[in-house]
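The opening position of the sequence shown corresponds to residue 2 in this note's numbering, with each subsequent residue numbered one higher.
Hints listed in this document are in silico derivations from the structure and should not be mistaken for laboratory results. Relax, there's no trap hidden among the hints.
Here are the in silico distance ranges between beta carbons for each label pair:
id, residue 1, residue 2, range
1, 174, 72, 30 to 36 angstroms
2, 11, 165, 28 to 34 angstroms
3, 185, 15, 45 to 51 angstroms
4, 137, 161, 25 to 31 angstroms
5, 98, 47, 25 to 31 angstroms
6, 183, 15, 45 to 51 angstroms
7, 75, 127, 23 to 29 angstroms
8, 125, 188, 20 to 26 angstroms
We treat Cβ as the ideally placed atom computed from N, Cα and C, and that holds for glycine.
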Amino acid sequence: SDVCSSDLLALRDGDLPAGAVGVAAVAARGDVALHLAGILGLEALASLRSRGCAVGALHPLVAVARGNRGDVCEGGAFVFEGDRAARTEARALVRALGGTILEASAIERPGYHGAAALVATGAVSLAQGATALFAATITPAPHEAQLRAAVASLLRSVASNVEAVGARRALASPLLRNDTDTVARHL
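With the hints as constraints, model all of the structure from the sequences given.
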């Protein structure tokens, strides 16, 4: 056949190898398969590669929360590892989403996924703590929607700073102004 198909496997990590076997049963040489898992590499698509498919891992660096029906992948960053034909498909998909792609020849998966999880879960933990402190320290206590908006505003400004000047220079703190009196009052 002159027509190649592309498959995007968006499965739970534990289900990915079996899902790939299922897709491999109907795949043709030259087809392209991408998976979205961050912790799993190309080995999860071994059954497809053995059928002559080009394979790749395209991990979106976005946090997908239950209940958020927004388009969290639009404009996001993606990390790709894989075959040349799969890279072409990955680039096209990321371009269609208005995102950016980081192309890797190899990824040390546990450390890489740990870094992504550190930001995704760490930011939420900080947001939870800040929300509780705002609720306890502002009178009258803001409504939940106001608290969410306030904390999200701070998180967006931090993300903007990290993107604009890098993580090393993005810190905004009374410590940078040598304002130890303000820091002491936090305690």
